[in-house]
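**Q** Heads up: the sequence lines are chains A, B, C and D, in that order.
Using the numbering used here, you'd call the opening residue of the first sequence number 1 and step up by one each time.
Using the numbering used here, you'd call the opening residue of the second sequence number 241 and step up by one each time.
Using the numbering used here, you'd call the opening residue of the third sequence number 481 and step up by one each time.
Using the numbering used here, you'd call the opening residue of the fourth sequence number 721 and step up by one each time.
These are computed hints drawn from the structure, not numbers from a lab.
Incorrect hints may have been included.
Below 30 Å or equal to it, Euclidean Cα-Cα: the simulated BS3-like pairs (lysine-lysine) are [unchecked claim]:
id, chain 1, residue 1, chain 2, residue 2
1, D, K826, C, K684
2, B, K387, A, K237
3, A, K147, C, K627
4, D, K867, D, K826
5, B, K387, B, K451
6, A, K224, D, K826
These stretches of chain B come out as covered by chain C in the derived footprint (C-beta under 8 Å, 3 or more residues) [what the hints assert, rightly or not]:
id, region
7, 257–266
8, 305–316
9, 347–355
10, 432–440
11, 464–470
Backbone N, C-alpha and C fix where the C-beta goes; we use that ideal spot for every residue, glycine too.
There are 4 protein chains.
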Amino acid sequence: MLQVTVWNENRHEKTDAEVQEVYPHGIHGAIASFLEDQFQVRTATLDEPEHGLTQEVLEHTDVLIWWGHLAHHEVSDEIVARVKQRVLDGMGLIVLHSGHFSKLFKTLMGTSCDLKWREANEKERIWIVDPSHPIVEDIGEYIELEKEEMYGEHFDIPAPDQLIMVSWFEGGEVFRSGCTYQRGKGKIFYFRPGHETYPTYYHKDIQRVIKNAVQWAKPTALPKPIYGNAQPLEAIKTKQ
Amino acid sequence: MLQVTVWNENRHEKTDAEVQEVYPHGIHGAIASFLEDQFQVRTATLDEPEHGLTQEVLEHTDVLIWWGHLAHHEVSDEIVARVKQRVLDGMGLIVLHSGHFSKLFKTLMGTSCDLKWREANEKERIWIVDPSHPIVEDIGEYIELEKEEMYGEHFDIPAPDQLIMVSWFEGGEVFRSGCTYQRGKGKIFYFRPGHETYPTYYHKDIQRVIKNAVQWAKPTALPKPIYGNAQPLEAIKTKQ
Amino acid sequence: MLQVTVWNENRHEKTDAEVQEVYPHGIHGAIASFLEDQFQVRTATLDEPEHGLTQEVLEHTDVLIWWGHLAHHEVSDEIVARVKQRVLDGMGLIVLHSGHFSKLFKTLMGTSCDLKWREANEKERIWIVDPSHPIVEDIGEYIELEKEEMYGEHFDIPAPDQLIMVSWFEGGEVFRSGCTYQRGKGKIFYFRPGHETYPTYYHKDIQRVIKNAVQWAKPTALPKPIYGNAQPLEAIKTKQ
Amino acid sequence: MLQVTVWNENRHEKTDAEVQEVYPHGIHGAIASFLEDQFQVRTATLDEPEHGLTQEVLEHTDVLIWWGHLAHHEVSDEIVARVKQRVLDGMGLIVLHSGHFSKLFKTLMGTSCDLKWREANEKERIWIVDPSHPIVEDIGEYIELEKEEMYGEHFDIPAPDQLIMVSWFEGGEVFRSGCTYQRGKGKIFYFRPGHETYPTYYHKDIQRVIKNAVQWAKPTALPKPIYGNAQPLEAIKTKQ
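With the hints as extra help, turn the sequences into a complete structure.
**A** This is the structure:
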């Protein structure tokens with residue numbers, strides 16, 4: 001059974017009554033609860049020691065889910081480096097919504113990961129542009145969210161390895177909302193929706209995409225490549 | 241259980257004693273035999289009615305494996321069109337070795353699919369360049385084949401969606417040997433090795449790659465996208 | 481000076497008064513006229529002998545622009561094969577709007593190239609998603625077209641090598657509107673806008689994109705790769 | 721005229737007689753000298769104040785070429801951040817050979833950029849796998865270097881946006897030797913050859929590739945995308 005760790009900053013939930021009402025057990029709690037029937041799930045949050053991401057936890061994590069917003073700068077550089085190394089070593093990573101601006105995602109992308117945004121209770125329609133991809137298994141042509149925060153292009157990311165979803169927003173913008181990347185032995189999926197004041201993570205299609213993404217992002221078992229000085233595999237002619 | 245159809249031209253096996261000795265049950269037989277413990281496998285060959293690829297067979301095929309060489313021109317255009325449509329509708333396709341020049345692969349790629357080749361009993365070393373990909377699960381850093389036919393660049397294919405393996409040849413060439421493509425709802429994997437006079441399909445790593453590729457290429461269950469004239473989903477302002 | 485051939489089906493212009501009013505010299509005439517200050521331009525249309533695309537014309541064409549709609553089926557297979565070969569040999573190709581359904585584009589893509597569409601005088605906003613690309617030189621964040629035909633996802637194309645533009649439509653859809661592909665030695669750019677009843681090709685940003693695309697798609701001068709049987713470049717050890 | 725800055729660590733040249741003999745004016749001097757007929761060229765080296773990469777120099781640099789090896793750790797984080805920002809803002813970047821391990825390249829890639837290597841005076845043959853790309857203009861099917869350092873896969877980089885060249889090495893390895901990336905408004909080209917003890921940068925095809933790459937990597941003129949909070953472009957229906 002795949003081991004999933006759901007990491008959440010968990011700050012809005014402590015201070016904002018509106019968010020508490022939508023996510024009484026935290027965003028991590030909501031995400032964990034729909035994953036539990038298929039995966040072995042634990043949660044971790046910013047205010048735990050080592051942000052709940054000890055070396056041991058990471059070694060027992062096949063896929064890490066990341067939600068952060070207010071406190072990206074409070075995540076320690078040491079933990080970011082540790083998690084990044086685990087991704088390069090094969091752990092899957094699913095970055096949700098405002099996690100686009102996390103230190104972790106930025107250091108794996110190499111770009112600013114900046115974007116346009118607006119909180120205006122507007123409609124989002126997430127269109128599937130790659131119907132062959134296992135991440136959209138059992139999804140229809142699009143997912144419609146009555147009210148969401150807008151994220152708009154230009155989204156300053158590297159060109160995705162695979163672009164799976166593109167969002168339409170009522171206010172006139174578009175956004176590359178479902179993007180995959182390979183980094184080292186690890187697979188990364190960025191998925192846009194999930195503002196803290198909306199019940200997005202209770203939407204069955206959103207849940208299904210995240211479940212599919214966990215399956216897709218699971219580690220591939222093969223030996224770590226050997227780096228550094230290498231003996232020749234074939235004879236080399238002696239030259240002056 | 242995934243349903244796999246192994247299609248083989250099966251001509252070398254009828255006329256060439258050297259090939260008969262290596263593949264007494266045909267290349268299709270050899271491939272089917274290592275897939276049977278994991279998948280529901282059938283075979284089909286060129287000289288069967290409709291090349292063994294009736295509409296019914298295709299409808300019961302999740303992933304089709306294709307080996308052809310001498311008789312690409314004998315495959316009927318009608319069957320090629322039928323198989324292509326099934327790929328666009330979601331059936332996975334694994335094209336092996338000289339299948340690069342099949343009508344089916346060429347029509348799905350849009351290019352000549354031409355390449356350099358040489359039969360000289362030379363060594364091939366297939367290097368993994370994407371260790372995150374499920375198609376190389378349980379493979380090491382490379383697969384070494386003591387004797388194979390050489391295929392060399394330039395290989396006239398579209399840039400692969402994902403490049404997974406690159407071959408080194410003793411005679412001085414390289415080749416993009418493991419390439420994935422998405423076409424419609426279908427996933428395609430091209431895998432280079434497998435000349436008819438060598439026991440390549442008995443090599444456990446080659447077998448493992450093909451098994452992994454079947455898993456990777458399986459159809460994604462979601463409704464076929466709706467094409468054609470579409471009613472608006474949002475109100476459009478009347479304009480002159 | 482780059483040699484550009486603008487090919488147009490030129491049928492709407494002969495029969496439809498509304499189109500005649502918008503494009504009195506044909507869509508080809510409109511496109512040719514804004515290219516003429518930078519390039520050596522000729523036009524060709526469906527009803528000319530060999531559709532105006534003789535071997536000689538193609539040999540003197542660096543970049544071909546293609547607009548068609550009503551009469552894709554009237555384009556002869558022989559001419560399509562000839563033009564495709566020139567693309568593989570290095571000629572650039574810019575496919576506009578309803579050219580998505582031309583035999584030429586479909587045979588180069590390997591997919592159905594189908595999509596959603598609607599004629600409802602609706603607003604299109606074409607967002608730039610790759611601001612590093614020379615095809616969007618001198619364009620702003622988006623191009624706005626007050627009235628256009630809608631094209632919506634899913635657009636059944638292979639994943640573009642580079643996705644440069646994504647459209648937002650008033651009626652609720654999105655579309656991958658600026659896509660590049662490499663086929664053989666040739667470069668291809670698909671650009672969505674340009675319904676025959678709208679003055680889209682008079683819009684300065686649309687003109688600028690097409691000019692930029694001509695520059696981008698120009699042939700790269702290097703020898704045609706050598707295909708077929710090849711002598712080894714290195715000594716091969718004799719094996720049994 | 722494009723403004724090119726050639727940056728070189730310039731340490732081997734100060735201490736190693738063998739390198740001094742091959743590159744008496746430094747690697748930067750050798751590279752600058754073949755670029756000067758086409759571009760406005762300056763050089764900069766590690767031991768200059770701010771490594772020669774002041775804000776002013778960068779603002780007058782369209783394309784930066786980077787060679788480093790021994791002293792990657794001596795490049796200050798502040799200068800790395802400054803150069804990275806210029807790349808995201810549109811400056812082209814060409815990273816040569818051992819520059820794969822520079823802080824700059826690693827921070828733009830998000831991976832370890834590690835690889836196999838060997839100094840054994842062995843033959844390298846760089847095959848062109850994308851003959852449509854302007855970076856290989858006027859190059860043949862391959863570039864042969866009689867003696868070079870070996871770099872072998874796995875090369876821990878993100879999947880290149882475009883893979884243009886793949887190297888064959890006498891000792892049995894392959895390598896993705898010509899790779900492009902887009903980051904922000906900037907274009908990046910990694911080019912493998914150029915060990916300090918070999919006359920690689922005097923080879924006319926290597927020179928031609930670097931010249932072509934400068935042209936390809938030049939900035940695209942368009943306004944910097946606007947990020948942050950954004951007003952709607954369309955009316956949004958009021959919702960509870």
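**Q** Going through the earlier hints one by one, which of them does the structure break, listed in rising order?
**A** 1, 7, 8, 10
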